[in-house]
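*Asks:* Read off the chains here:
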Amino acid sequence: MAPLPIREKLAILSDAAKYDASCASSGAAKRNSLKSGGIGSTEGTGICHSYAPDGRCISLLKILLTNFCIYDCSYCINRSSSNVRRARFSVEEVVKLTMDFYRRNYIEGLFLSSGVVRSPDETMGEMVEIARRLREVEKFGGYIHLKTIPEASPELIEEAGRLADRLSINVELPTDEGVKRLAPEKKPETIRLSMANLRAKIEEKREPTMRTKKRERFAPGGQSTQMIVGADATADAGILATSARLYGSYRLRRVYYSAFSPIPDSSSALPLKKPPLMREHRLYQADWLMRFYGFSQPEILAGSPDGMLDLEIDPKLAWALRNRGQFPVDVNRAPREQLLRVPGLGTKTIARIIETRRHRRLRLEDVGVLCGSIGKVRPFIEAEGWSPGGLTDETHLRRRLVAQPTQLSLF
Amino acid sequence: MQEALSLARFRVALDGPADFDGWRRAARRLAAERVPGGEVEWSVGGTADAPSSLLDNAHPSAALSVPREFVTRAETVICHSDPERFAFLYRMLLRIVAEPNLMKIASDPDVRRFEAMEKSVRRDTHKMRAFVRFRRIGAEETERYVAWFEPDHFIVERNAPFFVRRFTGMRWTILTPYASADWDGERLAIGPGASKTDAPPDDGAEDLWRTYFRSIFNPARLKVKAMQAEMPKKYWRNLPEASLISGMIAGAEDAAREMIEKMPTTPAPHHAKVQARHWPAPQPDDRKGDGAEATTLEELREAAKGCRRCPLWREATQTVFGEGPGAARVVFVGEQPGDQEDIAGRPFVGPAGKLFDAVLDEAELDRRLTYVTNAVKHFKFEPRGKRRIHSKPNAGEISACRWWLDKELALIRPELVVALGATAAQSLLGKAVPITRMRGEVIERADGLKIFLTVHPSFLLRIPDARDKAAEHERFLADIRAVKQLMAA
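Protein chains in written order, with our numbering: chain A, 1 to 411; chain B, 412 to 900.
Treat the hints as calculated values from the structure; they're not laboratory data. Certain hints may be false.
Below, a list of computed lysine-lysine pairs in the DSS-like style, where the Cα atoms sit at most 25 Å apart [what the hints assert, rightly or not]:
id	chain 1	residue 1	chain 2	residue 2
1	B	684	A	186
2	A	273	B	636
3	B	607	A	187
4	A	273	B	673
5	A	273	B	634
6	B	634	A	180
7	A	348	B	636
8	A	30	B	530
9	B	797	A	205
10	A	348	B	515
11	A	348	B	797
12	A	187	B	765
13	B	716	A	274
14	A	205	B	765
15	B	818	A	274
16	B	797	A	30
17	A	180	B	636
18	B	765	A	186
Computed from a predicted model, the values in this text were never measured in an experiment.
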């Protein structure tokens with residue numbers, strides 16, 4: 001068989017990688033090329049170099065090393081029973097492609113994942129070799145995210161952590177039963193153990209060494225994971241419980257939710273329909289509530305009949321409507337924790353409210369100016385010269401608020 | 412320009428469109444004299460005339476102090492393309508002299524305008540970092556990367572150092588309509604503006620980039636608005652990938668429908684071979700039996716890995732089994748693994764474990780004679796942000812896990828078992844006992860096994876008062892010494 005031209009390989013192996021939601025290039029240690037005279041920098045916040053019409057940011061060259069795979073996970077386009085075209089990059093090809101794209105400022109770096117061929121160590125070994133060549137031969141200082149193969153040997157993981165900014169292992173599905181059914185060859189126990197080992201390594205390396213007092217580099221951007229939403233029947237409450245467990249247990253930077261998307265040549269074990277994008281969006285919002293707004297996982301959906309997030313309104317508004325006794329909140333007096341519970345107020349707006357109210361009392365208009373749109377906020381706050389009166393408890397409040405065009409924030 | 416109409420007493424000519432230092436020097440003097448904003452005219456690149464020379468004679472003595480925050484942020488705002496920016500900033504300066512807290516009042520209209528301008532410059536700066544597209548010319552010695560970019564504001568000078576830090580090992584030039592930045596590998600030079608035709612044509616890499624752009628797109632998730640919010644159309648004309656967008660949007664629906672409607676096909680030909688080679692026979696269930704047949708601690712430990720006797724395994728990482736020699740003479744039983752034990756897979760490695768180790772050393776208890784384990788072998792917790800809060804195992808979990816503890820004790824046959832805390836005591840004695848009242852006592856079970864009762868070392872960690880803590884430490888040490896005595900007997 002004649003070797004595929006690089007363009008064909010790129011088409012196949014980026015198409016194969018697009019179902020992974022993560023594209024973040026943030027959280028890396030600050031680094032630039034002034035000293036090394038090489039190419040590349042990371043300055044904390046990532047940069048999205050382009051956007052595809054699916055609204056997703058293109059920050060990294062997100063490709064698979066190969067889409068040959070010995071696993072047969074029904075939700076995956078690369079499963080061994082799929083008739084998708086197969087290709088395989090060489091180490092040199094990935095290094096060259098990354099550098100060629102980076103030099104032209106198309107990307108922040110590389111997100112490399114792979115199907116598993118022959119053995120986990122062989123595949124992981126090649127991925128690590130690519131990262132090593134980029135760092136040591138090309139003096140590449142950009143972002144590297146390596147998808148870690150759970151069964152790979154500890155030495156390879158150690159090396160991967162030394163070279164990469166972020167490592168990730170996908171839990172794939174919210175429950176062990178789901179993994180067993182849809183990805184029969186994968187072992188949830190092994191995935192959990194690998195995440196535990198990564199956390200242990202990241203924490204161990206964060207401590208300065210006894211002798212040199214310097215910190216060794218190990219995945220400064222931490223670890224993340226991805227869960228597919230809608231491929232099995234798990235309700236949102238179950239998904240969020242799994243996220244809460246993962247954040248707490250393995251100190252993940254991010255859990256990504258990926259609405260299950262139909263794939264070409266898909267398995268009959270799966271629902272063939274459009275991906276549940278709004279559900280995915282609500283899950284991200286709920287995830288934010290847990291991480292930045294002081295909500296515990298159980299309270300987000302407490303009192304909801306089916307454990308599903310409301311698709312029509314955001315989870316904070318839904319919570320507020322179920323817990324009206326906690327409102328109105330006085331924007332001139334309430335502590336930050338209470339302000340965080342007010343629908344329509346984000347962390348930045350709250351910081352500015354707290355700063356401003358030290359110098360002048362806030363009226364409803366002032367809050368409106370600070371948060372952009374006051375409609376959703378009004379029934380839940382008190383301000384100078386404003387009290388919502390009976391509005392907070394009005395039976396039709398929900399309908400009234402839904403009727404207003406609410407702006408969706410993007411993650 | 413508007414000189415004929417101007418009533419300005421002072422004219423300030425700045426060196427460039429973002430000449431912050433020049434603005435600052437002039438503004439400081441004018442403000443010291445409390446010159447009203449309406450009497451100052453700002454321009455770029457003109458020559459200073461007579462009124463402005465008045466400025467030089469103004470007294471710089473009156474020290475002007477404004478919050479540093481205003482100065483650093485004004486440095487950003489001055490890059491804005493608004494022709495009024497110099498006058499606006501000067502007006503802000505005058506207000507701040509009168510109201511030092513002004514910047515903290517986010518609801519003030521001037522502050523809002525200031526913030527909006529700052530945000531716009533920052534965004535433009537960020538978008539320049541994102542959307543500059545280099546093209547290569549020359550090769551080897553003459554290799555150079557050149558880009559054409561059209562910023563909204565005067566940001567080339569402020570942004571050039573970023574490109575230096577990032578593309579240090581490359582020679583590059585960024586051309587914009589009002590200025591250019593050039594890096595020869597050692598030195599950054601800011602030069603005059605250019606036009607689009609000065610930029611080189613596609614160097615061949617753009618075709619690969621477009622291939623990537625097309626392939627990474629998932630047509631089943633079309634969200635055009637989200638794309639345009641972050642990548643407004645005004646940037647498209649200089650982005651090589653943007654020419655594909657309209658075609659991708661138009662074809663998305665059909666492509667997505669095709670993905671959904673296409674019937675599953677028969678498995679690929681190599682699939683059977685892969686299955687046979689890598690996954691022979693039906694996958695054996697992970698459970699290694701229930702350990703009933705185990706004749707060594709190792710076999711028992713293996714069996715316990717797949718334990719499903721209670722639901723705690725679902726949330727925990729792994730079974731944390733006991734550790735120590737099979738010939739141990741004393742077995743210490745704790746409550747359950749904690750956060751660190753769950754991650755490491757070993758008992759007594761967290762804070763309580765470290766304290767326990769220290770006390771055993773202090774008592775000079777020979778570690779080769781001890782085995783440590785827990786009454787419950789999975790970590791029970793409540794997630795709270797990035798932490799896990801320990802929760803107490805209930806009677807059902809304790810009794811389910813007793814299966815393993817009984818087997819461990821049956822294989823080791825120790826002379827003495829030390830129950831550390833109430834959970835361990837409950838597991839070993841089959842009922843709850845008041846530990847604080849009974850600590851130090853030895854209870855002999857019906858089967859002859861001797862149980863020594865004491866507290867769990869984590870109890871010591873929770874005592875806030877240092878003196879109480881030291882006293883409890885002594886009591887615990889005394890208990891461990893008593894254990895040592897009992898072993899020697």
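*Asks:* All hints are to be evaluated individually against the structure, with a verdict given for each.
*Replies:* Going down the list of hints, with the structure as the test:
no.	hint	in the structure
1	684/B x 186/A	18 Å, holds
2	273/A x 636/B	22 Å, holds
3	607/B x 187/A	56 Å, violated
4	273/A x 673/B	11 Å, holds
5	273/A x 634/B	17 Å, holds
6	634/B x 180/A	33 Å, violated
7	348/A x 636/B	24 Å, holds
8	30/A x 530/B	23 Å, holds
9	797/B x 205/A	18 Å, holds
10	348/A x 515/B	14 Å, holds
11	348/A x 797/B	21 Å, holds
12	187/A x 765/B	32 Å, violated
13	716/B x 274/A	40 Å, violated
14	205/A x 765/B	20 Å, holds
15	818/B x 274/A	53 Å, violated
16	797/B x 30/A	23 Å, holds
17	180/A x 636/B	38 Å, violated
18	765/B x 186/A	36 Å, violated
Hint compliance for this structure: hints 3, 6, 12, 13, 15, 17 and 18 are broken, all remaining hints hold.
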